[in-house]
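Number of protein chains: 2
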Amino acid sequence: MAETQNIAVGVPRESAPGERRVALVPKVVGRLRAAGLDVVVEPGAGGGALMSDWLYEEAGATLGDPWACEIVVKVAAPTPDEIHRLKPGTVLIGFLGTDVEALSTADVHGFAMEAIPRISRAQSMDALSSQSSVAGYLAALLGAQHLTRFYPMLTTAAGTVPPAKVLVLGAGVAGLQALATARRLGAQTTGYDVRPEVAEQVRSVGAKWLDLGIEAIGEGGYARALTDEERAEQVRRLNEAVIGYDVVITTAQVPGRKAPVLVTGDSVTAMRAGSVVVDLAGESGGNCELSVPGEAVVRHDVTIVAPLNLPAGMPEHASELYARNVQALLELLVDQGKLRLDFSDEIVAAACVTRKES
Amino acid sequence: MAETQNIAVGVPRESAPGERRVALVPKVVGRLRAAGLDVVVEPGAGGGALMSDWLYEEAGATLGDPWACEIVVKVAAPTPDEIHRLKPGTVLIGFLGTDVEALSTADVHGFAMEAIPRISRAQSMDALSSQSSVAGYLAALLGAQHLTRFYPMLTTAAGTVPPAKVLVLGAGVAGLQALATARRLGAQTTGYDVRPEVAEQVRSVGAKWLDLGIEAIGEGGYARALTDEERAEQVRRLNEAVIGYDVVITTAQVPGRKAPVLVTGDSVTAMRAGSVVVDLAGESGGNCELSVPGEAVVRHDVTIVAPLNLPAGMPEHASELYARNVQALLELLVDQGKLRLDFSDEIVAAACVTRKES
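Those protein sequence lines, which keep their order, are chains V and B. Position 87 of the first sequence, counted from 1, bears residue number 86 in numbering that gives the first Met the number 0, the numbering being contiguous throughout. Position 174 of the second sequence, counted from 1, bears residue number 173 in numbering that gives the first Met the number 0, the numbering being contiguous throughout.
Since the hints were derived computationally from the structure, they do not count as laboratory data. Worth double-checking, as some hints may not be accurate.
[Unchecked claim] Here are the computed lysine to aspartate or glutamate pairs in the DMTMM-like style, where the Cα-Cα straight-line distance is at most 25 Å: (1) K26(B) to D210(V); (2) K257(B) to E229(B); (3) K164(V) to E57(B); (4) K257(V) to E228(V); (5) K86(V) to E41(V); (6) K26(V) to D300(B); (7) K355(V) to E69(V); (8) K164(B) to E57(V); (9) K164(V) to D210(V); (10) K207(V) to E229(V); (11) K26(B) to E113(B); (12) K86(V) to D106(V).
Chain V extracted, bound-state conformation:
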């Protein structure tokens, strides 16, 4: 039985509420099959992304129990029940989060997609970036959807309405994609970041650069946390700046910390009625003081939207990009159809957050 010699990759159905993504899509299944891997998909795994079991089978996957496979690929971190189903020695890939003790106890090799180092050789595995692209795009659309006004300038027989002004705070992948999307839709865009070196990238997507005169260059491409004095000054100057905008999209997060408050309740009060704040930092506490994570609320006639897990809102392409990131990592972990974990490789070492005792 030649089939049993291949390593099998299991694709469970995601169990987190609202999670419509799936770790592998049919298109990528075909590529993994070509690379000598079997793929076992849990029935319904692609259902949230509107991809049927049949599409997986057509791509060469079999339907079955993904947890019995040598490699299990997920999007979200596994629940305690799911960890219980993993065999010792399994390679588990996903956004594993910070609490990896249970994985360690289960004796699995855990590879965290969010721990992939930001080096050029690992770009194709950078799932934080690919999912941030989706989030930034959807954030700009959410702003348009909740705004009581048009994004583009509109000229009608009865007169003209001016274009919306969109400000994006934080010019990482999500922020740049939000700027690009809002601009595409016809808005006038402005970007802000504490890292002055991203000004050129902001301008490259057609946006103006908002210079508040406060810098905070950190490690690994992220911003460092500001000092208390810098923070107070930043918030004061931002409060003045945001008032002129129809839509403010905030994307400021510092890894492992509560998100900084950039838009205070006072500045919401001063915004023009009908304006919108889209807060992408809802999961880590929010960049807007009035955000209610997971909800859209109206405060002082301003709509404040703080979506959770935005990439799940565009599940096919979010899954496809994620699956390609996973595929790139798998190609590093598997050689000629066999697992070969080379912990001397910088990427393998960095991404591995728990390791089976050997």
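Add chain B to chain V, keeping to what the hints say.
Below, chain B alone, put in the same frame as chain V:
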């Protein structure tokens, strides 16, 4: 008391469920005041559009009972209760609908915004067009929001996703705005209409023209109803065409009739999973056989959205455009601060659907 000599325009709070628009906005209140009209706004009238009473007062309106005014401007047709509050001889302006018997009994002058003739002198009063612009823009956004994929092409380190293909059926104001918006967002767009003379307009917004070889030129800029044979052939050819698109936006309506079915259940079945149908004809029965008016449903892994009263979803600008249309009509009905209904005027005669017996 000079004030009492001015004619007063009353602006009620709209009572229809989900109606967030208002017939006059503060900006237009100022212009009417300058033209010698008083404006009386019901408290909370702008609330759905997030425009506070204070903004109206600042523009020169007073808060009070709008139903006592000589002129009452509305968006939606009045309810029986509201008609009861109108004094005989009142001029009522709004989308009055086809059932105007109660208005006639109440002895009011009813001017229906949807009855404004489509002549160039009346373009500034064309509320059907201005509201269709809003609907078309929002329809393209709704498609993007429900699609499981990106509209624009996206190039990432892990590969490229292709742009979405968007087909718009019906190239009136709503259809053209939907095409323009989807194209702005990066989609590849195609337009179809039974009126071959709009092909140039479709191309002018960057879309391809889908030629099915069936024509139906009607009166007043609308399409005529097709014969049964033409309809069957049209649906057969459309069924073949829609299969290749990620998003199909339908805008086909024939005034006073049930909307034609353009997208059958069979063609939904044949569409690629994750695709979207946005049906703008939900209010008149729908252009898609599987539409559920007012809802977004998933059938055969395709999302079918049939929104009701889409312009209410962008209430400030929808109201502002509508208010400018109303302002233009008021300027025709009022001369130097006095009502002067000149029924020999083509626009006045056409728009007047009920007239006080004199």
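Which hints, by number, does the structure contradict? 1
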